[in-house]
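Quick note, the sequences are listed as chains A and B, same order. The numbers in our numbering rise by one with no breaks, and the one at position 22 of the first sequence is 22. The numbers in our numbering rise by one with no breaks, and the one at position 58 of the second sequence is 58.
Calculated from the structure, these hints are not laboratory results. Treat the hints with care, since some could be wrong.
[What the hints assert, rightly or not] Computed cross-link-like contacts, DSBU-like style, restricted to lysine-lysine with a CA-CA straight-line distance of at most 30 Å: (1) Lys77(B) to Lys106(A); (2) Lys45(B) to Lys44(A); (3) Lys55(A) to Lys77(B); (4) Lys44(A) to Lys83(B); (5) Lys44(A) to Lys55(A); (6) Lys47(A) to Lys45(B); (7) Lys106(A) to Lys47(A); (8) Lys83(B) to Lys47(A).
Nothing here was measured: the structure is a model prediction, and the numbers come from that model.
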Amino acid sequence: QSDLTQPASVSGSPGQSITISCTGSSSDVGSYNFVSWYQQHPGKAPKFIIYEGSKRPSGLSHRFSGSIFGNTASLTISGLQAEDEATYYCCSYAGSSLWVFGGGTKLTVL
Amino acid sequence: QVQLQESGPGLVTPSQTLSLSCTVSGGSITTYDYFWSWIRQPAGKGLEWIGRIYFDGNTNYNPSLDSRVTISMDTSKNQISLKLTSVTAADTAVYYCARGPGSRTGEAFDYWGQGTLVTVSS
C-alpha cells in the first residue's frame, strides 16, 4: 500500500485531455508544495515531468500541467498522443526528511 | 548532462547484504544544490524512496528501512553507494539512484539512472 493514492488506470483517445489525481494527507501533499510527477515507460527509468506541483522542467511539453488543491495533487495531459501511454507516479515531501510516492496510474491511449 | 549508472550484483542470498554503487558523470556529487537518493521498485509495483545523502555526508533514510540501510559517498570516484543488510525476498526490486531532492527543482528527483535489478534468492 502506497502513501499517496492514485487511480490504478485512466484512458483517453488521441487529442483528448485526461487528469490523474494523487490524494495524500495534511502531513504531505496538504502541507508542502513539494509535489512532483514522473512518467515511466515499460522497462525504463522514471522521467521527471512536474515539480512544485505545477512547474515544468525546461523543454517539457506544455501539454503537461499540474495543480494542488488541499490534500490532492493533479496531473493533466492535454492533446493526448500515443507516446503519452505510460505509468505516472506522484511524489510528495512528507516532512521529517521523508519522500513518499503514489502507487502509479497506468495511462492507456485508446 | 548529468548521467547516473548503477552497478552491483544482480543476485543476493537471503540474510546477506545488498551492495550497489552509482557512478555519476556530467556533474559533481559534491554540489550544494542537490542531495543524491536511492529509490527502488519491486516488479509491477510502485516506487519507494530509500534514502538520501548530501555532499557533507549527511544522510536521511526511510523509517521503514532505517535499521538496515547505509548510504555513503566516495568523492574521489564521484560515486554514491547503498548497503542494505539482512535482505529477504521482499527486497527484490529494481534499484535506482537519482539526483535529488534539490532546491533548484522543488525537492524533486530530476535525473535517474537506468536502474539495476537485484533478486534476493538462494
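Evaluated hints:
For a cut-off of 30 Å, the pair hint linking lysine 77(B) to lysine 106(A) is broken: about 38 Å separates their Cα positions. A distance of roughly 14 Å separates the Cα atoms of lysine 45(B) and lysine 44(A); the hinted pair therefore holds under the 30 Å criterion. Note on lysine 55(A) and lysine 77(B): the hinted pairing is violated, with a Cα-Cα distance of about 33 Å set against a maximum of 30 Å. Simply put, lysine 44(A) and lysine 83(B) have alpha-carbon atoms about 23 Å apart, close enough for the 30 Å limit, and the pair holds.
Only pairs whose Cα atoms come within 30 Å are accepted, and lysine 44(A) paired with lysine 55(A) is accepted, the gap being roughly 23 Å. In summary, the hint linking lysine 47(A) to lysine 45(B) is supported, as the alpha carbons are separated by about 16 Å, within the 30 Å threshold. The suggested pairing of lysine 106(A) with lysine 47(A) holds, with an alpha-carbon distance near 15 Å, which does not exceed 30 Å. A threshold of 30 Å between alpha carbons decides the hint, and for lysine 83(B) with lysine 47(A) the separation of about 25 Å falls inside it, so the pair holds.
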